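Q: Work out the full structure: start from the sequences and follow the hints.
One-letter residues, chain by chain:
Protein chains: 2
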Amino acid sequence: MIPGPYLLYLGSANEPLSAKTARGIAVWRPGAAIGEIAEPGCTVSVGLPRMTIADSVAGGARTLVLGFANAGGTMDAVTVARVLEAIGAGLNVASGLHARLCDVPEIAAAAARAKVQLIDVRTPPPLPVGTGDRRAGRRLLTVGTDCAVGKMYTTLALEKEMRARGIAADFRATGQTGIMIAGSGVPIDAVVSDFLSGAAEWLTPARDDDGWDLIEGQGSLFHPSFAGVSLGLLHGSQPDALVLCHEAGRETIRHTEIYPVPDLALCLERNLEAGRLTSPNVRAVGVAVNTSRLQGDAAQAYCLAVEDRLGLPCQDPVAMGTDRIVDNLIACFAPSVPA
Amino acid sequence: MIPGPYLLYLGSANEPLSAKTARGIAVWRPGAAIGEIAEPGCTVSVGLPRMTIADSVAGGARTLVLGFANAGGTMDAVTVARVLEAIGAGLNVASGLHARLCDVPEIAAAAARAKVQLIDVRTPPPLPVGTGDRRAGRRLLTVGTDCAVGKMYTTLALEKEMRARGIAADFRATGQTGIMIAGSGVPIDAVVSDFLSGAAEWLTPARDDDGWDLIEGQGSLFHPSFAGVSLGLLHGSQPDALVLCHEAGRETIRHTEIYPVPDLALCLERNLEAGRLTSPNVRAVGVAVNTSRLQGDAAQAYCLAVEDRLGLPCQDPVAMGTDRIVDNLIACFAPSVPA
Numbered sequence: 001m002i003p004g005p006y007l008l009y010l011g012s013a014n015e016p017l018s019a020k021t022a023r024g025i026a027v028w029r030p031g032a033a034i035g036e037i038a039e040p041g042c043t044v045s046v047g048l049p050r051m052t053i054a055d056s057v058a059g060g061a062r063t064l065v066l067g068f069a070n071a072g073g074t075m076d077a078v079t080v081a082r083v084l085e086a087i088g089a090g091l092n093v094a095s096g097l098h099a100r101l102c103d104v105p106e107i108a109a110a111a112a113r114a115k116v117q118l119i120d121v122r123t124p125p126p127l128p129v130g131t132g133d134r135r136a137g138r139r140l141l142t143v144g145t146d147c148a149v150g151k152m153y154t155t156l157a158l159e160k161e162m163r164a165r166g167i168a169a170d171f172r173a174t175g176q177t178g179i180m181i182a183g184s185g186v187p188i189d190a191v192v193s194d195f196l197s198g199a200a201e202w203l204t205p206a207r208d209d210d211g212w213d214l215i216e217g218q219g220s221l222f223h224p225s226f227a228g229v230s231l232g233l234l235h236g237s238q239p240d241a242l243v244l245c246h247e248a249g250r251e252t253i254r255h256t257e258i259y260p261v262p263d264l265a266l267c268l269e270r271n272l273e274a275g276r277l278t279s280p281n282v283r284a285v286g287v288a289v290n291t292s293r294l295q296g297d298a299a300q301a302y303c304l305a306v307e308d309r310l311g312l313p314c315q316d317p318v319a320m321g322t323d324r325i326v327d328n329l330i331a332c333f334a335p336s337v338p339a
Numbered sequence: 001m002i003p004g005p006y007l008l009y010l011g012s013a014n015e016p017l018s019a020k021t022a023r024g025i026a027v028w029r030p031g032a033a034i035g036e037i038a039e040p041g042c043t044v045s046v047g048l049p050r051m052t053i054a055d056s057v058a059g060g061a062r063t064l065v066l067g068f069a070n071a072g073g074t075m076d077a078v079t080v081a082r083v084l085e086a087i088g089a090g091l092n093v094a095s096g097l098h099a100r101l102c103d104v105p106e107i108a109a110a111a112a113r114a115k116v117q118l119i120d121v122r123t124p125p126p127l128p129v130g131t132g133d134r135r136a137g138r139r140l141l142t143v144g145t146d147c148a149v150g151k152m153y154t155t156l157a158l159e160k161e162m163r164a165r166g167i168a169a170d171f172r173a174t175g176q177t178g179i180m181i182a183g184s185g186v187p188i189d190a191v192v193s194d195f196l197s198g199a200a201e202w203l204t205p206a207r208d209d210d211g212w213d214l215i216e217g218q219g220s221l222f223h224p225s226f227a228g229v230s231l232g233l234l235h236g237s238q239p240d241a242l243v244l245c246h247e248a249g250r251e252t253i254r255h256t257e258i259y260p261v262p263d264l265a266l267c268l269e270r271n272l273e274a275g276r277l278t279s280p281n282v283r284a285v286g287v288a289v290n291t292s293r294l295q296g297d298a299a300q301a302y303c304l305a306v307e308d309r310l311g312l313p314c315q316d317p318v319a320m321g322t323d324r325i326v327d328n329l330i331a332c333f334a335p336s337v338p339a
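Respectively, the protein sequence lines represent chains A and B. Under the working numbering, residue 339 is the last one in the first sequence; the count climbs by one each step, no gaps. Under the working numbering, residue 339 is the last one in the second sequence; the count climbs by one each step, no gaps.
Among these hints, one or two may not hold up.
To give an idea of the interface, some chain B residues facing chain A are shown, with a C-beta separation under 7 Å as derived from the structure [claimed, not checked]:
id : residue
1  : 132
2  : 196
3  : 225
4  : 229
5  : 235
6  : 252
7  : 259
8  : 263
9  : 279
10 : 281
Cβ-Cβ distance ranges computed for the label pairs, FRET-style [claimed, not checked]:
id : chain 1 : residue 1 : chain 2 : residue 2 : range
11 : A       : 298       : B       : 1         : 40 to 48 Å
12 : A       : 71        : B       : 256       : 50 to 58 Å
13 : A       : 164       : B       : 78        : 51 to 59 Å
14 : B       : 70        : A       : 109       : 46 to 54 Å
15 : A       : 70        : B       : 70        : 32 to 40 Å
16 : A       : 327       : B       : 125       : 45 to 53 Å
Beyond 12 Å from chain B on every Cβ pair, some chain A residues (computed) [said to hold, decoys possible]:
id : residue
17 : 137
18 : 161
19 : 194
20 : 262
Treat the hints as calculated values from the structure; they're not laboratory data. Treat the numbers as computed from the prediction; the structure is a model and nothing was measured. Even glycine gets a Cβ: it sits at the ideal position worked out from N, Cα and C.
A: In structure tokens, the structure reads:
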């Protein structure tokens, strides 16, 4: 879908979370990108060689991927100029911002002249209204105490762990980075709200191979800006299993000042409560915690405390893997032995 | 915004709910429409004279208003043909369907030739991402056990009752019919989902005149297709007061077969629980029940039973008015007397 290899554009990102698209590609598709490029104010790196657009073309790059995210998803003048430079050098451009490349007249005209592709991954396909009809297959959804707590990473880590055990499992992307990593998906926050649940149903149709769809969650039921997205995705997903994602030490909901991050037990209970509407037997199978703010043994201690309190395996997918969560998933959904 | 008077187009509607846009205009804007027009299969009327397009033009009509709704909001060939006929006769056309008039090439071309307006009320204005920031003013939101249980009607009836008492109160429309009645609003189900709460914040900005914004609710937290819309609207509205809307005798969620209409107490509790995220002191002030399926004294008995159970005034806005709900609203939000 997106011609590789990529040059990852970090823009003016000055905190790691703002570059999560670039980071996700660097981590989950090693080799897909040959370098990164950034504006002078940028303080972030995803560990690839810094290069100019000319360098990247010389090195074989075929697509400039806009690898940053911002609230509202706008495209500023600096970004437009950089995109025009890339097009002029013969690169395709892929973007997951709300503002579409193809809607900027100079960009559209330049791409037409240069005969390069503009790929707006945040433009959803035509979608149906949700039906709520029960469907076959097994589905796991990651849900969160907040945005940007590691739902995509956790979902991809679960896929890797399950596949390593020979279990059919497929990451289903719902965000810009996930779609760039998976090569397909539905940008759930760009869907017209009437079609929210329908988008999740469309993304994860019935399957009968005993495999799992692992659905990348979005937002949080406790985020005052985005909870509607989370609920529509939860209902449309009809998940059999939930994994709760959280960042240890985060106290305030992202992009707000007055909203506390919810208690994990409360957050999980609300997700189960809402999830039961379309999936009456939905159950939680684990907790994934980003412990990157904790030092030394504190991460392990934090996870043990969560585990004791919630009665679910709790791991940091980055530092500890997801093996115990997958063990529990398998135990919970083992085929029942006839008496 | 929409040039009047109107000719209301009922399409092939064969149940009263399908013509709710036309009915809403007929009821709440008496005199705004001079007639109705329908296809042969239509079994519904909104009580206006049936007329041809030529008749309506002779009678002074200026706009054909598409007065029906359908799941998905599509425009079929019969509708396109009727719209083209209207344009050919010099009428403007207003539509609240998801499918936009201006996106149908023949319609766009015909309107340009005839120099008439195409008004797609379901195309939202540019909107901000929600912030969750607390804002001044008093807001009431209608919430429902299901779609199409009378939330718009109830909200308009509350506006009428409050204005009759000299209270500043303004209906804030969130659906196609409401927007056509109010002349402005935001089509919440057509908003890109990332902007759901932001749309509600935009619709009801801070106000400091002690008046009320009365916000037309949409969907239901218990509707498997549309709960995300309802939650985004609830969070963005930051309501001080909720009125729960319900249709007596409805057993199954609209457009589904397996989803029961929720218990009223449970539905209210879930709305209060979710609403507290952005409006910690939100409270329920009344229940509005559509009792049109009940005979004789059964309606009164039904409302009394709800009232006993929930401890809130319960009325059918059509049959009984909303005076007792407004009494309770005033009592709940009376200025506190200094000790």
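Q: Take the hints in turn and mark each one as holding or not.
A: Hint check:
no. : hint                      : verdict
1   : 132                       : 3 Å, holds
2   : 196                       : 4 Å, holds
3   : 225                       : 4 Å, holds
4   : 229                       : 5 Å, holds
5   : 235                       : 5 Å, holds
6   : 252                       : 11 Å, violated
7   : 259                       : 6 Å, holds
8   : 263                       : 13 Å, violated
9   : 279                       : 10 Å, violated
10  : 281                       : 14 Å, violated
11  : A/298 x B/1: 40 to 48 Å   : 59 Å, violated
12  : A/71 x B/256: 50 to 58 Å  : 35 Å, violated
13  : A/164 x B/78: 51 to 59 Å  : 56 Å, holds
14  : B/70 x A/109: 46 to 54 Å  : 39 Å, violated
15  : A/70 x B/70: 32 to 40 Å   : 37 Å, holds
16  : A/327 x B/125: 45 to 53 Å : 51 Å, holds
17  : 137                       : 17 Å, holds
18  : 161                       : 30 Å, holds
19  : 194                       : 4 Å, violated
20  : 262                       : 9 Å, violated
This entry does not satisfy hints 6, 8, 9, 10, 11, 12, 14, 19, 20, going by the numbered hints stated previously.
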